[in-house]
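**Student:** Throw the hints in and build the complete structure from the sequences for me.
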Amino acid sequence: MKKYFIILLISVGFISCKKFLDEDAKSSQTPANFYKSVNDAQAAVNAIYPFLYGPYNKTGYDDMPNAMLEMITGQWNNKAVYPESETYYTLLNTSGSAYTSNFWTNCYRGIEAANLVVDNVPDISFSDETDKKSLLAEARFLRAYYYYLLVNIFGDVPLKLTSTKVPGKDGLLPKTAVKEIYTNAIVPDLIYAGANLKYVTPVGNGRVSVGAAKTLLAKVYLSMAGNPVNDPNAMALSKTTALEVINSNSFSLFQSDANSTWFDKLNNAAFDNKEEHIWDLNYNYPNFQSSLNVYFLPKEVVFTTPKYIQFGGFYPDAAYLDSFNPGDLRGRNNMGFFYNSFTTNSVTYNFPWAVYKFFDKGILTTAPGSGKGFPLLRYADLLLTYAEAQNEADNGPNAVAYKAVNDIRARAGLSPVNGLNKDAFRTEVWKERYWELGAENKTYFDIVRTQQVYDAKKEAFVPIVGFTLPSGAVVKQGYLPFPIPLAEVQINPLLGK
Amino acid sequence: MKKNKPNLRNLKWLFFFSLCIFLYANPVMGQNNRSINGSVTDGNNSFLPGVTVLEKGTSNGTVTDNKGGFRITLTGQSNILLFKMVGYKDQEVNVKGRTKVSIAMEESQKSLDEVVVVAYGTVKRSDLTGSISTLGKKDIETRVSTNPLQSLAGKVAGLNIYNNNGTPGGDMSFNIRGFSSISGSNTPLILIDGVITTNVSGYSPSDIESVSVLKDASATSIYGARGSNGVILITTKKGKKGEVSVTYDGNVSVGTQARHIDMLDASGYMELKKREWEYDPARGAYDALIKPKLHTDYPLLFNANNEPIYNTDWQEATLKSPISTRHHLAITKGDERSISGVFLGLNDDKGLFGNEFQKKYTYRLNTEYDLRPWLKVGGELNGWSVNQEITSNTNTGGVNQPRQLLEMPSLFPIQFPDGRFSTLRDFGYDTNGKPAAIYSQGNNPVALSNNSLGSSPVKASNLRLSFFTNVKLLDGLDFKSIYTNEVNSNLNYAWGSYTNIDGNGLGSASGSAGRTSAWTSDNFITYDKVVGSKHHFTTLLGAQWSSTYGQSVGASSSGYTTDFFQYNNLGVGAQPSSVSSGYSSITTNSYFGRLNYVYDNKYLVTLSSRYDGSSVFGASNKYAVFPSAALGWVLSKENFFSNSTTLSDLFSYFKIRSSYGITGNSPGAYSSTGSIGNYTINLNNQIVKGSGLGSAPNSELKWERTAQFDFGTDIRMFNDRLTLTVDGYSKKTTNLLFNVPVSVVSGYSSVTTNIGSLQNRGIEIMLGGDVIRKEDVSWNLSASFAKNNNKVLALGSTNADVISSGFLGSSTILQVGKPMGSFVGYQRIGTWGTSEAAEAAKYGRVPGDIKRLDVNHDYKFDDKDRVFLGSPFGKYDLTLSTSVRYKNWDMSMDIQIRKGNKIENVGALTVEDRTSYSTGYASVLKDAWTPTNQNTMIPALRMQADHLSTDFASYMDSHWLEDGSFVRGRSLNLSYRMPASITNKINFKNLKIYVNLDNFFLITKARDFDPEASSFGGGYATQGQTFFGTPRSRTLSLGINANF
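For the protein sequence lines, the chains are V and Z, in the order given.
Residues in the first sequence are numbered from 175 upward in steps of one, following my numbering.
Residues in the second sequence are numbered from -14 upward in steps of one, following my numbering.
To be clear, the hints were calculated from the coordinates, so they are not data collected in a lab.
It should be emphasised that the depicted structure is a prediction, and the values quoted were computed from it without experimental measurement.
Keep in mind that the hints are not guaranteed to be accurate.
Pair by pair, the computed Cβ-Cβ distance ranges are [stated by the list, open to error]:
#	chain 1	residue 1	chain 2	residue 2	range
1	V	Lys353	Z	Thr921	41 to 49 Å
2	V	Pro667	Z	Phe522	54 to 62 Å
3	V	Val212	Z	Gly539	26 to 34 Å
4	V	Ala432	Z	Asn296	31 to 39 Å
5	Z	Leu331	V	Asn231	47 to 55 Å
Think of the CB as a built atom: it goes at the ideal place given N, C-alpha and C, for glycine as much as any other residue.
**Tutor:** Printed below as a string of C-alpha cells:
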C-alpha cells in the first residue's frame, strides 16, 4: 500500500491541467489583444510614421538610400565610397539594388501600418468622434504619402487598402495603374485628411496637419497633370488647393534677420515644424538622432568635436553651381545652400563646394548625430506649385503667382520677374524649383511628371531620356520608373506582367 | 476479552521494534557462514576502493574499503565471488577452499558487459540497438579543459565540437551528424543525470563519470520534439560506498599564442604609405613631398632622419602568457544504506589578452538513502557561479581587441613618452599631403586589453536541485520519479570610456540581468522480465511535464564625463538610452514508452515512442507522436558462427543493427501567436511610442520532423583486440521552420512556415586496437572518422535561393542541392592588367583594380554573377589517438584532422584589400598589383580617397575564401602513477602526476589565428566565417591527481 501511496502522491502532484500548454506572452502584445482602447488607436497611428525614416537613415558607412532620387537629377557628383549610390550615379543600378527595395519596403510597410489603423480603429469607441476621425485622417494622409512615393518611383504598383489577414497570400496582387491609385486612393485619402485632421499646422505637435494634407494634395494634382496620368483638370485643382494653403496664412517663407540668415533658419532645429516647414521628418538630439546631416559634411576636413568621420556623400556639380545667377545667394555663396569654407574654433577649413542646406550647427559637438528635421513639405515648394498650376490652368500667370515666384527670388537676392508669357513663366518656375529644392528629394518628382530635366550645360530643359549625368552616364529609355525589386517580382509573378 | 491490559510502554517498544525490523529487514542468513577476506588492486598495483564484491547467484555482497580490502561471509553454496566496478571488466573468482583472495581488476575498454547509459536507464553494451557512443572518465581525464564539452572534441565520430575562438572558458558550438535546422536550434539536447539542462558549461570535467552520445533515432526519439539534433547524456560522479575517500585533481597551465600572423613592420608600413601616395602620379613623388616632412609633422613618430622611431609587434605587445589553475576536490563516503558525495571545483582560466578571464566555482552535494529494501530516495544540490570578463567577443567585426591586434600599424608605440596610448588617429596624410588621421576609429589593442577603455564583466550563477524517488514495486518492476528545479541567473555589465575614440565621446554603460527558472518532472515505470531463459523484456512507460520561464531586465545610459562609475551607477549618465525587460515561457507535456526485447542475446528489438505536447505551437498542432524501431542481430551468437573456427577465431563479436525513427525540433516561444511591433518615433522633440505592424500570427506552425535511418555494425576481432563500429545514416528533415519571404505588399517580409527540407547522410567509423596488451606494457591505437554530407532538398514554395547577409553583405546561401550556408559571391579572377584598360573601363575599372568574373557578360555585377564558392562543412573529420602504458607511465595523444572545409577570412578584407585604413599582412607589399606585378589577386595600393578604394566593401569575394583543412595536435598527455610501494608509505591510495600539452601543433593553409573558428556564432549562415577570432593558445599544463 505504501508504495502505491507514494506513487499516487507523486503522480497527483503533476497532473496537468488543460491550460498547461496555453501561451501567455507577457512581454509582447499580440494582434488578438491589441486595438482595444483610444490609447491603442493613438499608438497604432504613431506606428505609421517610422517607415518614413528608412530612406533618410545612413545605414552603412556613407550609405544613404535617398541619394537614389538625387543622382538622376544631374545636380550632383557622387562622393560616397559605398558602392550602392555609385551605381545610381553611373546608372548601373539593377532591380536587386538595395535603395530601390528600401523605398519599396518602407512604403508598403507604412501602408500596412495605416491599413491596420483604417481597419481596426473604427471599432474602438471614442468619447469624441472628431478625435477618431482625426486619427483616421492622419493614417490616411500617411498612406497617401507612401503611395505618392510609390507611383512616382515605381509607376504602376499593387494597390492594397485593407490590412493583411494571410501574409503569404494577401500581398500577391497585380499592378494597378498610376491613374487609378491617384484617383481611388491618394486623392480621396488626402481630401479626407484635409477635412478631418485636428491640426492646422505642425506647430506644437509635429504631426501631419491640414496644411500638409492640402500641400501634398496640390502637389499630387500637379503630378496628375503631368506624366503619366496627364489629367487635364488637375492643374485647376492644384491651383485651388494650393491657394487654400496660401490663403490660410498658416505658413511663411523664412527671411534673414539680424540674428540669422534664412538659410540658417532652414537648417536650424529650433525652426523645425515652423513657418516654412509644413511637414518635417522629425528628429531630436540626443534621443532620436538623424544620420543625414553628417552624411553631407565635407569629407576632406574634420571640424566636428569630437572628431568624427565626415562622409561628404554628394557634392554639387560645377555645372549646377554655375547655373545659378551670379547674385543668387543660393548659388556660389558660402553658407547659402552650399559652402566651401567653414570657420570654427578660430580655424578655417576650406574644401570643395559641399551641401550646406542640411548643415545643423549643433552637429559640431553632437557628431555624428543631429537633431535637425528633414523637410518633407516646404512652403517654398507650395508657392512654386501654385505658381505653376495657376499659370497652366489660367493660361498665364496672375499676381499671386508672380508674388509666389518673386518672394522666393527676393530672399535669394534676385530681382523680381514680370511680364512673362505662359511658357516663359513655366520655365522660370521650373528653374526656381531646380534651384530652390535641390537635395530635398523634390526634383526627381518634377522629372517624373515633366519627363524633362534642366541641363545646366545647355542652360535648357531637355528630355530626361538622352540626358548625360555628370558621371558621363546617359539616361536610356526605360530607366525610369525604377524597377520593382527583384525579390518581389520573384515572389509575385503578377508583378512581372 | 483479555483481562490484562497491554502495557502502553511495551506497546511503544513493540512498535519501535517492528519499525526497526521493517527498516532493517535483511535476507535470512544462510547456513554457510564461511568468511572470505582479501584485497583488490587495479592494473597498476594501486588498491581499488569501491569494488562491489558479490556472492554469485545471491544478493549478498559488500564493497571494498579505501584500502581495497573486503570481508564477505558466504551465505550459499556458491564458491564463486563476482567483482564488479564501472570501467573494469567483471571478474569471477573461485574461492573454493580459500579464505583469502587478492585479485587485480582489469580495466575494460568498452567491455561488452559494460553498462551504457541510455535514455531513462541503462543497457548492457551488448544489448544496444541504437547508435550510441560512450566516453568514460578515462577519456575525459586525458584532456585539460574547463568546459566538459571541450574534453569530448574529436572523440566521438559524428559529434562535432568546434571552438569558436580562444576566449577563456571556451566559446563552442557543437552538433551531432550535421546541421538539421535552418531557423531552429542545431544544438544537441543535453541531459545531466537524466534531466534536460542548458547549462552544461557550469560543470567541471572532473565532475563527469561518463558521457553517452545518442546519435540515431532509436536512441533519441524517446526525447521526441527535442531529439532531432541528437542527445548527450552526461552522468556525474556520485558518492561511493566505502570509507571516506578524498580525491584531489588539480593542474596549472600556461598558455602562449599558438600562431603568429606576420604583419608589416614599421618600415614596411611606410613603404605601404609611399605606394598608396604614388598610386596617383599627379600627387608627385612621396620621397620628395611627404617623407621630408614626416619628422616635422609627426615628431613623436619619426626621428630627424624621417625614419620611424618605433616598430611595435602588436601581437607580442598585447598577448600574454597567462597562467590558469584548476582545482577539483571530491569527498565521498558510503555505507550499506547510504552514499554521499561532496564535489568542489575551482577553475581560474585566463586569456591571452591580459584582461580576459573566467573564474568558475562549482559545487555539488549528492546523497542517496536506501530507506527500505524497496524504496530509495536521493537528491543532488549543485550549483556553479561564473565570474568572467570576455571582451574580445563583443562587437565582432567592430574595432575590438582581436581586430586591432592586427590593424594597428607597427609604426605606433604602445605608449607615447607622456604615457598616452597611441591610436589610429595619430598618423596619416590626406590626398593633398596635409596631416590627417588614417582612420578616425581604431584603438590601441594594449589599451583595450588593460580595460582602461572599458570592460564587460559577466556574473552568472546556477542552482539546480534534483530529487528522486525509486520504488521497487515488484521484482523487476520499478517506479522512478525525478523532480528537478534549475534556476540560472546572470548579470551582464559593460562600460566604455568617454575617452574611447571609437565611441562618440559620451561614454556608455549598461547592465542587464536575466533569470531562467525551469522545473521538470520525469516519472516512469520500468519492468524488466526474463521469460524462460531466453526472452528478456524491458519495458518503460513514463510521463514528463516541464515548464521553463525566463525574465530579463536591462538598462543602459551614456553621457559620462568620468570613468569613475564604470557600470556601477547608470543613473549618472546624462542620457539614459534604453531600458528593457522581457518574459518568455514554454511548457511541455509528454508521454513516452519503450520496449526492449532480447532473444537469447542474439536478436534485439527496441521500439519506442513519445507523445509530445508543447506550448509553442498553435492550438491545432499542440501534440505529435515520435516513434522509432530498431533491430539488432548478434551474428557471433549464431551456431553457424560459433561452429566455424575460422569465424570465431577471427571475430569475438559481430553484431549488425538498424534503426528508423522520427524526432522533432521546435521553434522558440510565441512563434505562432504573432506580435504587435513597438516603435519609437519623435514628434516635435518628443519621443512617442507607436504600436502596430509586428509579426504575423501563424496558428498552423508545428514541429520540424527528422526521419532517420541508421545501419551499423559492432565488430570485435582477435579476442577483442580490435574493435570496430561502423554506422551509416541518412537523416531527412522536413517541415523545416523556414522564414518564407512573402511579398512586402502584405506589409510583412517573411512568415515562419513549416516548409522546406534537408538531408544529412554520412558514415562514422570508430576503430580501436590493442597493439600490445601485456601486464607491463600496453599500446592502443584508435581512429574516429566521420563524414557527413549536408544538402538542402527544398526551400519554401518556390525553392528560391535564400541569401544571407553577413559582414560582407550577401555571403552565404541556402540553395537546393547544396550544403546549408554555402559560400556564394563574386569570383575574383585577378586584377586588371595594363593591356586590358579598355575592357576594364567598361566596368568603370582601371588597371590595378580588382577583376571579377562577370558571369553573364552584362558589364555589371548583381545576383546573377554570384557563384558557388564552397561549403563551410568539411569533407571529413578524423581523429587519431594513441595511448601507451609502460608500467606506471601513461602517454596519450590525440591528433585532429579536418579536411575540405572553406573558411571565409573576413580579416583579409581589412588587412589585405583595405590597407589604407590600417596596416597589412607582411605579404601585401610583395603581392599587391604594380605594373611589374600584374598577375596577382591583390589590387594596387591606394589612398582612401582614391578611385574605388573600397571596391571590396560589401561584396563577398572568392579571394577571402581559404582552405580550412587542418591537422592539429589536439592533446598530448603524459602521466606517471606512483607505485603502491610509495603511495602506501605516504598514505595515499593513488597518486598521479601528469603533463599535458594542448593544441601542440597546427598545420593549415588558413591565414587567421585558427581555422576552427566561427566568429559570428553558431547559426548555419555564419559557419566558417572568421574575423580575427580571439587567438588560441598552446597550453602546457602540469597536474596532480591524488586520492587518499
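**Student:** If a hint holds in the structure, say so; if it does not, say that too.
**Tutor:** Checked hints:
| no. | hint | result |
| --- | --- | --- |
| 1 | Lys353(V) x Thr921(Z): 41 to 49 Å | violated, 56 Å |
| 2 | Pro667(V) x Phe522(Z): 54 to 62 Å | holds, 59 Å |
| 3 | Val212(V) x Gly539(Z): 26 to 34 Å | holds, 31 Å |
| 4 | Ala432(V) x Asn296(Z): 31 to 39 Å | violated, 59 Å |
| 5 | Leu331(Z) x Asn231(V): 47 to 55 Å | holds, 49 Å |
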